[in-house]
Amino acid sequence: MEAEAAEGGPTLYPLVKATFRLGDETHDVCARKGTTLSGQLASFKEESMEILKEFITKHNAPAEVPDEPLEGSDGEDDGEIPAKPPVKKRKSEESPPGPSFKFL
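Here the sequence shown is numbered in the UniProt record's numbering, starting from 1 and rising by one per residue.
The set of hints was computed from the structure by calculation and includes no laboratory data. Quantities reported herein were computed from a predicted structural model and do not represent experimental measurements. There may be inaccurate statements among the hints.
[As the list claims (entries may be wrong)] Simulated crosslink set (DSS-like; lysine-lysine; CA at most 25 Å straight-line):
1) Lys33 - Lys53
2) Lys45 - Lys33
3) Lys53 - Lys17
4) Lys45 - Lys58
5) Lys84 - Lys17
6) Lys17 - Lys45
7) Lys33 - Lys17
Work out the full structure: start from the sequences and follow the hints.
Structure below.
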């Protein structure tokens, strides 16, 4: 009550709090700016996005590391034309011979 009387209004406390668990790391986020719920949500979003950005940057693979080549390929194009797969012959569109009838 003393804080209310000293400032002339209600005490401000965070309405928005969360804890992020990203792998082994734990981050507590508490809205630090804003007097309204929407203002605190905006502040919370900014702080959360900064934490996520740092986490992704920290745990992302370096760009200069090449991907592992597929098994059986050396990763280089030595100018050889790959062997073509065998071509399947299409069945002829003629109707197959049907049963033969003999009339007596």
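Outcome of the hint check:
1. Lys33 - Lys53: 20 Å, holds
2. Lys45 - Lys33: 11 Å, holds
3. Lys53 - Lys17: It holds: about 19 Å lies between the C-alpha atoms, which stays within 25 Å.
4. Lys45 - Lys58: 20 Å, holds
5. Lys84 - Lys17: 61 Å, violated
6. Lys17 - Lys45: Given pair lysine 17, lysine 45 holds - Cα atoms ~11 Å apart, limit 25 Å.
7. Lys33 - Lys17: Distance ~12 Å between lysine 33 and lysine 17 Cα, so the pair holds.
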